[in-house]
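There are 2 protein chains.
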Amino acid sequence: MITRMSSFFLRTLREDPADAEVPSHKLLVRAGYIRRVAPGVYSWLPLGLRVLHNIEAIVRREMNAIGAQEIRLPALLPREPYERSNRWTEYGDSLLRLKDRKGADYLLGPTHEEMFTDLVKGEYSSYKDFPVTLYQIQTKYRDEERPRAGILRGREFIMKDSYSFTMDDAGLDEAYKAHRVAYQRIFDSLGVEYAICAATSGAMGGSASEEFLAVSASGEDTFVRATDGDYAANVEAVITPAPAERPIDGQPEAKVYDTPDATTMDTLLDWARSEGLEVDGRSAELTDTLKCLVVKITEPGGEPELTGVLLPGDREADMKRLEASLEPAVVELASDEDFAKNPFLVKGYVGPKGLADNGIKVLADPRVVNGTAWITGADAKNRHVANMVAGRDFTVDGFIEAAEIREGDAAPDGMGTLTLERGIEIGHIFQLGRKYTEAFDVKILDENGKRSVPTMGSYGLGVSRLIAVLAEQMHDDKGLRWPTTVAPFDVHVVIANKDAAAGEAAGSLAGELDAAGLEVIFDERPKVGPGVKFKDAELLGMPLVVIVGRGFAEGTVELRNRLTGETTNIAYGDAVATIRELAGK
Amino acid sequence: MITRMSSFFLRTLREDPADAEVPSHKLLVRAGYIRRVAPGVYSWLPLGLRVLHNIEAIVRREMNAIGAQEIRLPALLPREPYERSNRWTEYGDSLLRLKDRKGADYLLGPTHEEMFTDLVKGEYSSYKDFPVTLYQIQTKYRDEERPRAGILRGREFIMKDSYSFTMDDAGLDEAYKAHRVAYQRIFDSLGVEYAICAATSGAMGGSASEEFLAVSASGEDTFVRATDGDYAANVEAVITPAPAERPIDGQPEAKVYDTPDATTMDTLLDWARSEGLEVDGRSAELTDTLKCLVVKITEPGGEPELTGVLLPGDREADMKRLEASLEPAVVELASDEDFAKNPFLVKGYVGPKGLADNGIKVLADPRVVNGTAWITGADAKNRHVANMVAGRDFTVDGFIEAAEIREGDAAPDGMGTLTLERGIEIGHIFQLGRKYTEAFDVKILDENGKRSVPTMGSYGLGVSRLIAVLAEQMHDDKGLRWPTTVAPFDVHVVIANKDAAAGEAAGSLAGELDAAGLEVIFDERPKVGPGVKFKDAELLGMPLVVIVGRGFAEGTVELRNRLTGETTNIAYGDAVATIRELAGK
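If you're matching them up, the sequences are chains F and V in order. So for the first sequence, numbering that gives the first Met the number 0 puts the first residue at 0; every next one is plus one. So for the second sequence, numbering that gives the first Met the number 0 puts the first residue at 0; every next one is plus one.
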């Protein structure tokens, strides 16, 4: 069926919406693909819904191809299963909770590990039933603190989530790899530019996980790629290579100095140099100073616990990395009040010894290995200490990733240095392990007749977000530019000639294209000038635009390829064949 | 892609689920189409989801055919628009309400009149933009007091809802009729047996409305059909024909009697006959007695108001009809406490005069026209009054439909008598009028350059409910029987022969059918006997089952038509062609 612009439910806007900052948000609203209903909650207008359906079809095709079976669970979910996994609490304010008329607790599903686990437990009981991979394409809810950028980070959004259940780790590995390939096929079909990044597992639990990040300046995630090799990782997942330990014997004793002018790491270094302090027989560097951050760590359902975090003085703390290392705990900096309550914490002069002596837990950057010597706070106002040797003058309770990652840092695998890029998470695959199957007491009879707990993978893909990602990556200053695989229409036919014969020819061209199985949008608006029609066609972004205009008198139509920017005149009689070929239909 | 039973996510159950009462609920659970997650909240397993997708496709096809345009609005909706229409309150406990992390009020959309009105207001401004009809196929939420019968009345369910916007009543009429036809086409495609019933408009507001009721003993709605003609109506919508008024002059005076033995309408009639009372010159009948029901009516946000409801003594009150007449008010019977507080209400002897004399509003059955004479309560214990003439001895404040409808009642249009049937609401179409466009102040420039309020229609169709309805209407004692248009698979191929050649032949038959574009489910489970396979095939209910069994040695396969019950043996070589023809593919 041809879609006629004169009756199509579409109004394009000339102005960017006031709340829009990123290109995809501006363009999807201006071109009439989406409309805002509430913060992070959007309606899909006809154009947007068509893209959504096309993306869903590609996702479905590739998921079916790896043997995943489609089902659909509700979005309205009872509290009990999420209580059992502890996510009712762990999800915090991001979970939308509600009560029914009888006062029973419900939530709107943010992701469905619990429900799929419970479902499989109910149906399957023997190893012969496994492996099984189930998926759904479904509406999800997360009460984001800062919903942003239109459908890029919404509170109601559409996700494909799948879950694999296998009897052993080898099976999990296979299911994980199958998903990795399916995701690559999906994103490649769409023409998305992306990187596969090592990731942390976050609130999901589990071990190995990778994120698919679409490369985009509008991205909220920072990731690294190595200049050589394939290494890529979410910044939160970058592992700092630990240096070799150094001998403690023979190192000079720690010594406390008055340092009235050393109020920052830089002025501390200035003082050290003016004092002629040496480390390892060379002049002191900023990397020889040690910051002692005081934070409060709150485990879910627990009380805040004061903790010291040690970092080389040349690095800023990266709170997102720190928090990712401590998931699901919440981390915040100690407040003035905390300092006031604990007089041994001398602001600006906190050192590792004072922390340990007062029973405060100390976590350190991986560079703080035994035998390293540091210039750091002496736990007294205007005093610092030099030659504080790790493993001799202080010990740490553990290591942690809390330091910023910098462009040019060495790649963890030794293959070149890191570059920093911005990305948008479009997929996340997890080797979950047995966290949920154990919590739900899933016991399956194995080949030996014993009851065994299956292992699980969980795989998310942001279906509605992909629309924003494609708009981010594919637009130009005139508007959207859809890849042929997901464009709402294959071809945009425009009448730009007032002659009745031209109008009729355009109509029959549209009709023939439609009959050939192409999706056709036909701009036959009688009172709209060619300029507005061309601008709209550019804004809407169909891959092919065919214009029956001035050239029609000479028997030609104009064919614009929105993706390549090419414009060619072709004979009217050749138009259908040429367009079919270009559209691959 | 062939679906193989050995790896298909399906476990059929031998036992009916404990909470299931109606056949569709039992069978859809036993056959592994759905699973319960919470009261009225279900998961769609692979088989169920396939039926759902098939029904959605038919609905989409027919909606597109009438020029309706598909969009999708969120389910998570802000309070404000529903506040403006007053439905935030009117919906009562059926509305699922929640708060976001900032404390803002949201609801889960039960139906979207407000949102569509607001959307059209935002996009359109001129009469040239109209008419427009928009629809969505979307997940809806209603916190039913008694979710029942599986997906027949769920709390999370899938609906097609559409909304027409036109500049005048003629346009509304056209859009309404187009929907009526589209709904007939949809239900006819599915082979549903249904009636189109005149309906009340309920909480929606508006004027004309019709319900599509699927005929089913499991239905919650009672409807009537006339023995002659096309009249059909929901019981709530049946209009009682009012008789002609009678002359008051010349009727005997009202007279009060002691009636110690008349404690029910029947004993009152016994007494009247023993007393020799006449009405209209004939012996008194039960239809000459008058019941005075005392109820409390509570308008939304208002206080309960005592009201008298007058009914002929031969009729029971139908509280659902009464409540429907008074929507959106809530109606309940007056309590003993109410009687105690109002001593003029003498229980068992309430009469119309006592009510009116004490300022109580009186609503009457349409049969209580001026000039009719009644035997009724005399507002004193053990006393009744005869010859109470309406319009002389008492007056009423209005008429109301509160009496039960009985099999054999005259059809309102005079075409025969009424039969009573049970049905399930599968569609409801409304001529809404301007309730919402006025509430949202939608002003559109008309042809004369004046600002005019468009009129609106609203049309619902229960997509997920249809699955239960089909299961109700199409099953037999062995299991489900799907119409070819929506069956999860076109054909169910069963290996029932241990011979390797038979297995291979079955596999290649399945492969050829798949290649021909049929959806094939293939029961190749190696360790399952033929009996179990046949039982499963009957339970699952594909329209065609082909069995490669004993006859294979003689070159035949068995073809079972689940819809007609026919079994035929056909040559293996003819199987693909025969099945393709039967499946229409």
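Treat the hints as calculated values from the structure; they're not laboratory data. Some hints could be false.
Since copy identity is lost for identical chains, a pair holds within one copy or between any two.
To be verified - Below, in silico cross-link-like pairs of lysine-lysine (BS3-like), each with a Cα-Cα straight-line distance of 30 Å or less:
(1) K25 <-> K98
(2) K254 <-> K380
(3) K319 <-> K127
(4) K380 <-> K340
(5) K254 <-> K101
(6) K534 <-> K127
(7) K497 <-> K127
(8) K120 <-> K360
(9) K319 <-> K340
(10) K25 <-> K101
(11) K25 <-> K254
(12) K254 <-> K449
(13) K340 <-> K254
(14) K360 <-> K497
(15) K127 <-> K526
(16) K295 <-> K101
Computed from a prediction, not measured in an experiment: that's the story for all the values here.
These are the hints, each one checked on the structure:
1. K25 <-> K98: Between copies only: 28 Å across, 36 Å inside.
2. K254 <-> K380: within (15 Å within a copy, 107 Å between copies)
3. K319 <-> K127: Close neither inside one copy (43 Å) nor across copies (53 Å); limit 30 Å.
4. K380 <-> K340: within (17 Å within a copy, 80 Å between copies)
5. K254 <-> K101: Cα proximity of K254 and K101: none, with 68 Å in one copy and 52 Å across.
6. K534 <-> K127: Classified as between; 21 Å across copies, 59 Å inside a copy.
7. K497 <-> K127: between (70 Å within a copy, 20 Å between copies)
8. K120 <-> K360: Result: close neither inside a copy nor across copies, 41 Å intra and 60 Å inter.
9. K319 <-> K340: Only inside one copy: K319 and K340 sit 27 Å apart there, 67 Å across copies, limit 30 Å.
10. K25 <-> K101: Cα proximity of K25 and K101: across copies only (26 Å, versus 43 Å in one copy).
11. K25 <-> K254: neither (60 Å within a copy, 81 Å between copies)
12. K254 <-> K449: Neither, since 63 Å and 89 Å both go past 30 Å.
13. K340 <-> K254: For K340 and K254, only the intra-copy Cα distance (28 Å) is at most 30 Å; the inter-copy one is 92 Å.
14. K360 <-> K497: neither (80 Å within a copy, 69 Å between copies)
15. K127 <-> K526: between (67 Å within a copy, 11 Å between copies)
16. K295 <-> K101: Only across copies: K295 and K101 sit 24 Å apart there, 39 Å inside one copy, limit 30 Å.
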